[in-house]
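Q: Assemble the complex: chain A is given as a structure, and chain B must be docked to it using the hints.
These protein sequences, in sequence, are chains A and B. In this text, residue positions in the first sequence follow the numbering used here: the first is 299, and each later residue adds one. In this text, residue positions in the second sequence follow the numbering used here: the first is 299, and each later residue adds one.
One or more hints might be untrue.
Copies of the same chain look alike in the list, so a pair counts if it works inside one copy or between any two.
[Unchecked claim] Within a straight-line C-alpha distance of at most 25 Å, the following computed SDA-like cross-link-like pairs (lysine to any residue) qualify:
1) K486 to D327
2) K477 to N326
3) K430 to V497
4) K392 to D327
5) K486 to S426
Don't read these hints as lab results, they were simulated from the structure. None of these values were measured; they are calculated from a predicted model.
2 protein chains.
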Amino acid sequence: MNESGKLIVVSGPSGAGKSTVISRVMENDKSVVFSVSATTRAPRAGEHEGVDYFFIDKKHFESMIDNGELLEHTQYVDNYYGTPKLPVLENLSKGFSVLFDIEVQGAMQIKKQYPEAILIFVIPSDFSEIEKRLRKRGTDSEEKIQQRIKTAKIEYLMALNYDYIVINDDPDLAAFEIKAIITAEKCKTVNRKKYLTEVSLS
Amino acid sequence: MNESGKLIVVSGPSGAGKSTVISRVMENDKSVVFSVSATTRAPRAGEHEGVDYFFIDKKHFESMIDNGELLEHTQYVDNYYGTPKLPVLENLSKGFSVLFDIEVQGAMQIKKQYPEAILIFVIPSDFSEIEKRLRKRGTDSEEKIQQRIKTAKIEYLMALNYDYIVINDDPDLAAFEIKAIITAEKCKTVNRKKYLTEVSLS
Chain A
299 MNESGKLIVV SGPSGAGKST VISRVMENDK SVVFSVSATT RAPRAGEHEG
349 VDYFFIDKKH FESMIDNGEL LEHTQYVDNY YGTPKLPVLE NLSKGFSVLF
399 DIEVQGAMQI KKQYPEAILI FVIPSDFSEI EKRLRKRGTD SEEKIQQRIK
449 TAKIEYLMAL NYDYIVINDD PDLAAFEIKA IITAEKCKTV NRKKYLTEVS
499 LS
Chain B
299 MNESGKLIVV SGPSGAGKST VISRVMENDK SVVFSVSATT RAPRAGEHEG
349 VDYFFIDKKH FESMIDNGEL LEHTQYVDNY YGTPKLPVLE NLSKGFSVLF
399 DIEVQGAMQI KKQYPEAILI FVIPSDFSEI EKRLRKRGTD SEEKIQQRIK
449 TAKIEYLMAL NYDYIVINDD PDLAAFEIKA IITAEKCKTV NRKKYLTEVS
499 LS
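Here chain A stands alone, though its shape is the one from the complex (with noise of 0.2 Å):
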């Protein structure tokens, strides 16, 4: 009997090192899929269509909201930013499990849709960690950079609202911590009653 695949929701403050986490729960699982974002801002260099993101223009994406293309999507600055839905669900029927990385607001608006999505939220065991990251970049004015901590707050806040806290001091024992919430979830008694119904009491 197959396993169904899970959607797997992860998000994080600037500054705590997800996408490293993501790409090494990826690089040795082949049941997990990572979902591609569609964006309207231009690609930057070394961006691939369909492997950062799908570009697509300002246009398309509005029919997309319109005819409930999109899983979610949100706008930042001028720019959208969503999740087509088709890729998702093709993967979900071939049994992958597909791993979303996007912030809050979108993490909420595919739980409120998909309750059985798992939302997990990474950051580092302490917080002045994520200061001392986004110091490092050295690109920001200092206004920047208190701007970003501040968001980073706000954020941590609404890790309430996630199933899971993944530590991230060290990406290999964070992708390990993800790697082990799919496992566990795959294994909820919800998720395998069908190993239970061949059994009658005749």
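A: Same frame as chain A, now just chain B:
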């Protein structure tokens, strides 16, 4: 910051291969301690006090019941079986998780007192495997085998009261699933709130 220990209750019908799986879980994980039950039955050849059981007399066992010194207890044929509370609480306070190998009734008693206890039911993916394993022992009469199969079926129906169902077709894979469950439970937001409290929006 230390993670706190968990109560992990493992049950399963006779023939599910539970004890092998449990020993695989314990082998490499020093953070999990096995809960030794108390019993009033006489030790069998090769059984050791404090390893297989705490062997105590009926009067002592009944005084433990009266004094609330047992987490759970049950009577089987003419003997009592139960879990002394003190070693469990001591191990938890040291940050260890405690794993219990107990039957369904005892599991329900523990869940009632400790709703945060993790209940895991171990079964093979195919019920006919249970029958095969019960017959393999070759020591029981057909009548006794039929009785054991019926008991196993009744136990299967109790699995719906468990949090997780672990499939034991391969003891290593089953042990892997139980370890993943323990890791995932530690990551639950309710168990990691402490990492969020340090952040304030001042």
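Q: Against the structure, test the hints numbered earlier, and report the numbers of the ones violated in rising order.
A: none
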